[in-house]
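**Student:** Top line first, the protein sequences correspond to chains A and B. Taking our numbering, the leading residue of the first sequence gets 1, the next gets one more, and so forth. Taking our numbering, the leading residue of the second sequence gets 1, the next gets one more, and so forth.
One should not assume that every hint holds.
To be verified - The list that follows gives simulated cross-link-like pairs (lysine to aspartate or glutamate, EDC-like), each with its CA atoms no further than 16 Å apart:
#, chain 1, residue 1, chain 2, residue 2
1, B, Lys-101, A, Asp-25
2, B, Lys-62, B, Glu-83
3, A, Lys-45, B, Asp-51
4, A, Lys-45, B, Glu-83
5, A, Lys-44, B, Glu-121
6, A, Lys-44, B, Asp-8
7, B, Lys-102, A, Asp-67
8, A, Lys-44, B, Asp-47
9, A, Lys-71, A, Asp-42
10, A, Lys-44, B, Glu-83
To be verified - Anything over 10 Å on all C-beta distances counts as not near chain A; from chain B, calculated:
#, residue
11, Arg-5
12, His-100
13, Asn-178
Worth flagging that the hints you see were computed from the coordinates, not collected in a lab. All residues carry an ideal CB built from backbone N, CA and C; glycine is no exception.
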Amino acid sequence: MRAIRALIGKCLPDEKVGLQHVLTDLQLWAEAMDGMLDLALDLKKNLNVIMRGASKVAHMVIKIYFDHGTKPMPGQLYHDLQRSINNLFQSVARVQSDPTNMQALHFPAGSGS
Amino acid sequence: MTATRLPDSLSHELQIRSVFLTNLAFRERGSRRLGRSNDHVNARSTDGDRDVDVVNLLAEWKLGRADAVAALTMHSAYVNVSEGTFTALAGAGHTMMRSHKKRVGDKLLAAKGSARAEVEEDMEEEEELNDGPAMPVPTKVPTADVPGKLSLFDQEKHMQANGVLLAIHKERSSVLANLKSQRARSAAAVS
Chain A
1 MRAIRALIGK
11 CLPDEKVGLQ
21 HVLTDLQLWA
31 EAMDGMLDLA
41 LDLKKNLNVI
51 MRGASKVAHM
61 VIKIYFDHGT
71 KPMPGQLYHD
81 LQRSINNLFQ
91 SVARVQSDPT
101 NMQALHFPAG
111 SGS
Chain B
1 MTATRLPDSL
11 SHELQIRSVF
21 LTNLAFRERG
31 SRRLGRSNDH
41 VNARSTDGDR
51 DVDVVNLLAE
61 WKLGRADAVA
71 ALTMHSAYVN
81 VSEGTFTALA
91 GAGHTMMRSH
101 KKRVGDKLLA
111 AKGSARAEVE
121 EDMEEEEELN
131 DGPAMPVPTK
141 VPTADVPGKL
151 SLFDQEKHMQ
161 ANGVLLAIHK
171 ERSSVLANLK
181 SQRARSAAAV
191 S
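Same shape as in the complex, but just chain A:
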């Protein structure tokens, strides 16, 4: 995904111009999924950066799914992504609103945050 993102802004050679739209679609998808990859793989990011990335994924994915339905992604994948992000935000909000909370740490683990 990161390799695909690195191609952003770069044009293909003239003989492969027809593939340009495929590349831009892939780049958009890679950009959308980047936040979810960070959530699972990047161990150095702070929780607020992870949540910002998750919010970015949620907004990108709803726009893509709203406009194009299940063409770019199956409904199950859309649901799993949004459910994971939903759980992440809900669990953090729940701990924050808990008066007995004593410096809780959060470790996102897939859809079961």
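For this one, chain A is given, so just place chain B on it according to the hints.
**Tutor:** Just chain B now, with coordinates in the frame of chain A:
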């Protein structure tokens, strides 16, 4: 664990620790990697700040939305996307979990005039045909209407058949009523 086995277990633990201390390479062997875990759930393996109290949920949500707008507008299909787009979606009742005001997995209706819409209409018509026309309610034929030429045995058979038909019709009506109420309930739950 019993009190008698506790000392044994502790001595085994100490022996294992001594082996690890003398052979540090053992700790990093195999799938466990006791010295340094790559498990993202393990607090020791994360360098980032995971303190929940530091996070401002609303601010991160809005920053993420701005990032999404910036990323989407790079694609030619989403040039006109702005933060107002998401506000309008939310205002119209679309949520992240119900992007089309329906749960994901529920059948979405195709746009009118599209090829898929025609296929759906055909399927609906086919379903109606398969459902069949309403069965006429068999009425109990009074004995006086039965032709006088029928023997008592024939009359008995006629009445039995009529009763069976009536029972089938009642069963069918109750099943249909149950189906209708289930559909109404599911529609109400979705809305």
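**Student:** None of the hints should be skipped; say for each whether it holds.
**Tutor:** Evaluated hints:
no., hint, in the structure
1, B/Lys-101 / A/Asp-25, "violated (26 Å)"
2, B/Lys-62 / B/Glu-83, "holds (9 Å)"
3, A/Lys-45 / B/Asp-51, "holds (12 Å)"
4, A/Lys-45 / B/Glu-83, "violated (26 Å)"
5, A/Lys-44 / B/Glu-121, "violated (54 Å)"
6, A/Lys-44 / B/Asp-8, "violated (41 Å)"
7, B/Lys-102 / A/Asp-67, "holds (15 Å)"
8, A/Lys-44 / B/Asp-47, "holds (5 Å)"
9, A/Lys-71 / A/Asp-42, "violated (29 Å)"
10, A/Lys-44 / B/Glu-83, "violated (29 Å)"
11, Arg-5, "holds (34 Å)"
12, His-100, "violated (7 Å)"
13, Asn-178, "holds (28 Å)"
Hints 1, 4, 5, 6, 9, 10, 12 from the earlier list are contradicted by this structure; the remaining hints agree with it.
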